[in-house]
Structure formats: structure tokens, C-alpha cells
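Use the sequences and the hints to build the structure in full.
Protein chains in written order, with the working numbering: chain A, 1 to 206; chain B, 1001 to 1307; chain C, 2001 to 2307; chain D, 3001 to 3253.
Because the hints were derived from the structure by calculation, they are not lab data. Each hint should be verified, as a subset may be incorrect.
Claimed, not checked - Okay, the calculated bits of chain A under chain D, using three or more residues with CB under 8 Å as the criterion:
# : segment
1 : 52-59
2 : 98-108
3 : 181-195
We put the CB at the ideal spot given by N, CA and C, even for glycine.
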Amino acid sequence: MHISDGVLSPAVITAGWAITVLLLLATLWWGKRDVDIAEEIPKISVMTGAFFVASLIHVSIGPTSVHLVLNGLLGVVLGTLAYPAIFIGLVLQALLFQHGGITSIGVNVINMGIPALIVYGVFKKGYSTGINPSILGTICGSMAVLISAIMLAIVLISTGEEFTEVAYAAAAANIPIMIIEGILTGSVVTFLLKVRPELLPINKEK
Amino acid sequence: MKEAICVKGLTYSYPDGTPALGDINITINEGEKIVIIGPNGAGKTTFFLHLNGTLKSQDNRILIKGKDINGMSNSERIRKVGIVFQDPDDQLFMPTIFDDVAFGPINMGMPEEEVKERVKKALSKVGLEGFEERVPHNLSYGQKKRAALAAVLSMEPEILILDEPTANLDPKSRADFIKVINNLNKEGITTMIAMHDVNALPDLADRVYVLNKGIIAEGSPMEIFSDWDLLKDNNLEAPDIFKFFKVLGCFGYNCEDLPLSLDEAVEVLARTIEKENGHVHLHIHEHTHAEVKDVMHSYNHHTTWHE
Amino acid sequence: MKEAICVKGLTYSYPDGTPALGDINITINEGEKIVIIGPNGAGKTTFFLHLNGTLKSQDNRILIKGKDINGMSNSERIRKVGIVFQDPDDQLFMPTIFDDVAFGPINMGMPEEEVKERVKKALSKVGLEGFEERVPHNLSYGQKKRAALAAVLSMEPEILILDEPTANLDPKSRADFIKVINNLNKEGITTMIAMHDVNALPDLADRVYVLNKGIIAEGSPMEIFSDWDLLKDNNLEAPDIFKFFKVLGCFGYNCEDLPLSLDEAVEVLARTIEKENGHVHLHIHEHTHAEVKDVMHSYNHHTTWHE
Amino acid sequence: MDYPEIDRYASIDSPIHNFDPRAKIITFMVMIFSFVFLDSITKALVGLGIASLIYIIAKLPKAFVIHRLKVVFLFLFPLLIIMPLTVDGQAIAQYHSITITLEGFQYSSLVIIRALSAVTLALIMLGTTRFDITIKALYMLKVPGTLIQMLMFTYRYIFVIMDEFQRMWKAMESKGFKLKANRYGLSVLGNMIGMLIIKSYDRAQRVYQSMISKGYTGNPGTIVNFKLQAKDYAIALPMILIALFMHTYHLVL
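See below:
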């Protein structure tokens, strides 16, 4: 789902970096409001490490295998700090494994990070209205991938109309991932709810 | 006696090419109590992972009860050999103890009733009756260790392998754990244990292998601990009690079999005294000091930092 | 003698309300060698985190060299007390060994040259000279343990606290590590160690505290190990050598101070024999068997599973 | 699951290896950004040629680069099939209603060539420097300390957590588990990821405590010594000029 180098137009790349830098500043500033950032740095780092490792897991579907995305789960667990976490994760994926290009990091972080932020809001809202957290987790996991896929398509098309069909194909390729991520995120949320509910954004306001 | 495990010329290198195991040959009979000792990084865990087929060996190197492990079905494989790893946190990943202990039986495709039966039985064997609904993550370390054991026992393996079962346990939990393992062995399960804890070793071993990439030595605990050079070359040590009886020898104490544990020491001492008509003399003769020095020196590790 | 650590009525509960430490009072003098023992989950780590101010106590409960730890500046605090935690992977968080060992000195605001000097010195103390550029991931467990120690030594703390320094080490690495700690203590550093490993304890302790939420007992290793009930109530054990000399007593052996380690045992034995004119008689008298049974029973833990 | 060994060959001796890390990052980033925006196949091929030349100078093993380029190529390969069929333009082959267009073929080739040259450059940049030094160089280049620390710690703990994950995985396998994309498989995997998150959270707490014990206040505590020398300018300048020239030569000539 990560866009490689050489695909996007200068305008899209520039816009991608600009938005990502702004969102990084905003989310870190937001994070600093209620927590000590010195304490958060090791926390986000080690957690990002865990998500990074988890995203290396292959799940085989038929003849192919897919990587986990986990941006929905990231959003649910880390809240607004999911954005810097995804930034770090994608930088390391690009640098260490060449998953996604270096020039396109800005855009890729937006594609993964904005859905994570949206899903965080959805989870909190959904939980306060009494939706079963497991179902909510499933919805959030799928929804994050869905939004990412749509954003991916939009980015591709806006870089050039030559990419229209490629964009549809890429978005369609994400449908099985959507299902897998949904089930998976649902079960992680169920697990956390039972074992460590304080890792979920529930009752924090009360 | 029937062979439980037979390994013929097993060799393994890590994916990056570093050799991990070289030409390992061992034969273990049913019901034996084996301990494997060796320095940190000797390849014990890698070896164990071969024994239940989690790591695949080349061509028929590993026979479990005479049958090639690579040719076994998933459920046969795990019914034959169960491995309890060192860190219980790596093995308990379910929301409840029940789920963790039921995991193996479920993977074996058992019907629900039998799974429940087995969970109950396994938990009672390790003294965790009624812990089904508890969250593994919230247990004490000693309880987690036992839960991890139960999660393997529920598969009712014929061969049980344990990696450092006593590490990080307080003395009581350690004594308890050793007792459980011995009970299982008495029930007929072949046990194979890797451990650093030489003072607990005599309780858990009929026979000892020294592993350091390859099999360096094999023998009774007595034979192994008597071989000073072997111990030194492999960063190993003998139990304190054993060493102390070696020292007693320098003071004129004469006993044929040296004890390895406190329990044995008491027996041996009583026997020796009785044999010598109720009296044993300890005295300092002209060579005593030199001999003591010699014994103590043999067992002392030189501090050479660079590994 | 000057006080290194003075804790007055420290009480602590976890954020969820579970009590962790209750009314702890201890005083440790400069240069002492202290070991803290206690069952798994006794609160040792939590206690240590208070001693260098990582966890904040209420109102002046902890004085380091007479000064309230909460009133100290960051760099004074870490210069006074250094803690080496159990898992080296938690403490080596930087990309290279140099960065890890330099981390403390840099935070103390030292100039670059001195930082480098200190890194070099700390690494040589643990026998890792030339490891500066190495990556923690590629070290062996024993090397990581030493690197974690170096990363604390580089702050040149006056008080050194170690949590289970010997856990999971093979016997040689363990012997090496004990030697390093003892050397540091000889150089004047006050050392305080939490450990389960009672057989290594006598080498590392002048004085022992038994901790189980609160301080249960305090005394010389000898006093602690002689108190059977205390040991039993707190899931603890005495060293095998010590127990064996208790047994020897039943056979008519008469010695005033019981040894706790092998080295001591040799000395004590030689001294006793010399004192008794070169001869010691071991014999079985009418009460021997009953007495032995008694001693052995006192030290045996009842297996009661439910903790 | 393999360790990220991007800097496995960082100890080789070559002019690129000896290039000051900061200058290296700036130079290569300029080149990468330049080459991904080249707008014709000819120019892109020249870019790929330059990248290959630098690769030869850097003396990195073939397998190191080829293996990673292959991954990128396979990822982009679908473009070579989809675009010739979907992009409008001059037909080079036709079968019933299916048309293969030259423009589609050219466009997808351009994308792939640009990608390959960018990745080659990135691999040289990263492969010739120890990764921790790359991060420290970024710090010297004024990337904010918060992000630098996150990069450092995350990088460090990827290795630790990978080991942890492998141990969990082995324990599951030795209880007969095989991951399949069904409900049971995914729910077990979900538990495992949940456990990994909890363990990492707890570890983060312990790491933080050990950092506090060493006087951590939120600043990246690290010492970096880089010295820019004349030779660094001598390498950087022409490379940057070439990168700029590729976009501006029509203005100059």
C-alpha cells in the first residue's frame, strides 16, 4: 500500500511532505499538552517497534500473501501519537526494507496516518455510545484500511490521469486486507480489553 | 529398553551462515531423565526446536520413537514431544489460562469435551486448579512458569523438554517445580532439561550431556562433574556439595561415591560412617593443604573476560 | 561510619492501589555489601526505583548520604546512586555500546573528552575494552549484562544497586560477574544486590535484608540462614554447604561458625580440625538419625502449590 | 522475518564509505529528488546510469543491491501490465477491443526506471554508512531531537521485539499452530499481536525507568564527531551539480 519513488508528481510529493510536517507538529504539540514528552518518547518508540515487527507478518491468502497494515490498531492504541509513530515506522520501512519510497514518505504517512486519527475518533465516540468494543475494533480495523485505499487512489489519480485504472486496481487489491485487518483488529481489541484495558482509549475522560 | 529420541549427525547453521549445531548424535531411552548443560549460546534452544520438528532437519536425522519427525503429521508431532521454553511470557498469549492450556489440544483437533478434560488435568498436575479464568499476564512469575508447563502437558506429550525450568524462580517455587518434573518422569514421561543450575541438576538427571555446538561429553552426573578439564573448557561448574566432598577426601575421608546433592550427601555420609564401624576420622596430614589447594584450584574458573 | 542510605518509613502503592511496599526502614553505611532477598514479587524493583528517585517518595523518606533524594538535581541524583536492572535489553537502548555507556555522563553535562574517558574506563572495568562501536543486538547475554553494568559505572555512582545480576548466566559468566562486583565494593562503592541465588549470596553480602513488601528481617548471612522459620515463611533457602554443616553437627562435628560457601567451608573445616588437635571424629550416636531428620525437615519446603 | 541489515556492508572501504555522512545525506537526497522527477525515459536512463556508476564506486556487493531492487521491481511490475492497456494513445498492438498503447508502455517504464535509480541511490547512501551514524547525521542536519530519538530507540527495539516475536511464534508452532487466513488463525494472531503490544508497553516503562536512572531529560544524549573535509566538498559539489543540471540543462544550453 506504500507508494514507491518515481511514481508521484512533484506537486503531490511537495504537498505530501508539507501536510505531514504540519500534522507531525500538530500531533506532537497535542501530545505534549497532557503528557510529559520525555516519558512519551521511549513509549512511542518501543510501541512503534512492536507495530513495525507486527507489520512484517505475512498472511497467506490463496497463492499470494499480504502484509499487515495495522494503522487502525495504531490509531486505537496510540491516539493522536499514532501519527508520529506511523511517520517513524514508515521512515524505517523505507530506509531499512525499501517498502515505499523515500521521496513519497510524506504522502504515505498521510495515507496511513489520517485514517488512524479518524479511527481513533470513531473508536472513542463509538465506545461512549455503547457499541461493543470487539465489533468496534473490527469496524475500525477495516475502516482504516478502506480510507487508506481510497486516499491512495485519490493520490494516484491526482498525480496523473494515466494512473486512474492503476488506482482502482490498487484500491481493489486492498479488499482482502480490509477483511483480514478487521477481524484481526477486532481480536486484538478484545484481547486488550480483557488483559490490559488501560491501553485502549476508554474511560480516559472520566 | 525402547528408544525415545535418536539423533543422528544433526548439523544446523543459522540463516546467516553462523554454525549453530555440529554433528550431534544422541540416543535417549524411554523414561530417562536427561539434563543438558552448556554455556550461554551453546545452541540448546536450537537443538530443542529440532526435536519437535519446529526447525526442520535435513534427511531423517531425528527419530522420535523410531519414526522420522519430519514425516509426522502436525498433531502426531506435538503429541510426541512437548517443549516448555524458558520465558513463560513468550508462551502465554491467550486472554485466559484456559485458552492457553487448551491451545495445543485444540490444534490437535480434539472435541470440546476432551479439551476441557485435558485442561483440568494439566492444571491440576501443576497445582493451578481453578485458575481457568485467570489472565495469564497477571499471575506471579512462578505461576506463569507452571501455567506454561500445563499448556504443554495438556498435549500429553510422551517426551517433555524444558529449557531452564528453574531460572528466576525463588527457592520455594524452584523446589516445587523440580518436584512436578520428577513426578511426571515417574509417570513414565521422558524428560530432557537444559539448565545452568548445577545445584539442582542431580535431582533432575540420570544422565547428562554437555552441549557446546556439538555434544562434548555424556555420562552420569558423577562422571561429568569429576572431569575438571571438561567443566573448565565449557564454562561449567560442579555442585558445591560435590566439591566439598572432594575436599573432605583431602582430610582423610574415604568414600567411594561422591554425593551430588544435599540429600545424597546425608545418605553417603551415614553409609560411610556405618561402613567404617561407626567412626570417621578427619585429620590433617602432611599433604592435606597441598591437596586442598589443588582441588579448589581445579574448580576455580580463571577470570578471562573476553569471551 | 557514614550513612550511605537511610530510608525512613517508606510506603508505596501501585497506581491501581495494590500495596507494594509497607513502612520500610533501613540504614546502610558507606562501603557496605548488602544483599536483599525475598520471594518473586516482593517489591524489590519498586524499592530500588525509589532509591535513586525514579519513583518519588512522599516527604523526605529517602536520604542518600544524609540528603533527601527528591531535593537533588538530576546529575547529583545519578552520581549518587546507580541501578543496574535485571534485563540488559531494557538498559541498552542506544544504537551502540558507546552511546549507551556515554548516556549517563552526557546527561550529567560532562565535556566530550571526559565522557570518552569515562566510557573507556567503564568498559575496561567490565572487560569490554574496544566494544565501543558494537551494536547491543550482536552481543551475547553475558556481554549485554556487562555492558549494562558499564553504562551505570560510567556515572561513577557512590552506591551501586543491582537487580538479579547473576540470573540466567552460565557458571563462568556468573563467577566473573561476582568478581567484578566485589572489586567495585573493594574500591569503596556501597553495593546493594537483589538475588535469589543463595549459593552465591555469601560472596556478595556482609549483611542481608529479607524483603517481602516490608522488611521482614535483617542480619548477617549466618543469622538469616540460621532462622528456619524465617526462610520458610518467605520462600527462601539456605546454601547447601551451610545446611550440610548443620548435618555434620548431628554426627558429632563441633564448629562454632558455620560456613556459607565452599571457600569458607574449607577454612572452617581446617580450623576446626587444627583446634581439636588435628583430628575430628564423625560418628553416629543414638540421636544422630533423629537429629539429621530434623535438620533436613527444617529446611525442606512443604510443597503447597497455591501461593 | 529477517533482521534489517541495511548497514551490513558499512565497513567496506570506498570513497563513498568515507564520504562525510552529512554531506552524503544531502548529496544523495538532492540526487534522489532530482532523479524521481525526470520527465523522459532518456533522462531517466541517464539517471539510472549515474546511479549505477556510483554503485560501482561504492563497492557494495551485487547481491545486496539486486535483491532489494528486485523487491521494488516486483512491486511496480503490475504498472507495466495495467498502464499499456489503460492509458490512451498510439496503439502498438491490438487484439479485439484490447489495445496496447505506446504511451502506456512508456509511462510505466519511466516510473519504473525512476524508481530503480532512486532506490539504487538510497541503497548506496544507506549501505555505506552504519545506520546509527545515518541517524546521528540527520540530527546534525537539524532534524528535531524528538524524532531522532524515536528513530534511534525504535530501530534498537525492532531487533529486541523481533527476537521476542520469533520466540512466541516458535512456542505457538511447537503447539501445532499454523497461521491460516481464517477466523481461528486470525484471532490467535490477534492475541499474539495484543500480547506483543502489552509486552512492549511494559518494556517501554522499564526502558523509561532505566533512562531516568541515567538522568534522562528528553534530550538525545549522544556525541557526534563529523568533520567536513575538502574531499567531501569535492565529491558533493559535482554530484549536486549533475543532479541540478539534469533538470536545467535546456535553460543553459
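Going through the hints against the structure:
1. 52-59: Held - the segment 52-59 of chain A has 6 residues with a Cβ nearer than 8 Å to chain D, which meets the minimum of three.
2. 98-108: holds (count 4)
3. 181-195: It holds, with 10 qualifying residues against the three required.
Hint compliance for this structure: no hint is broken.
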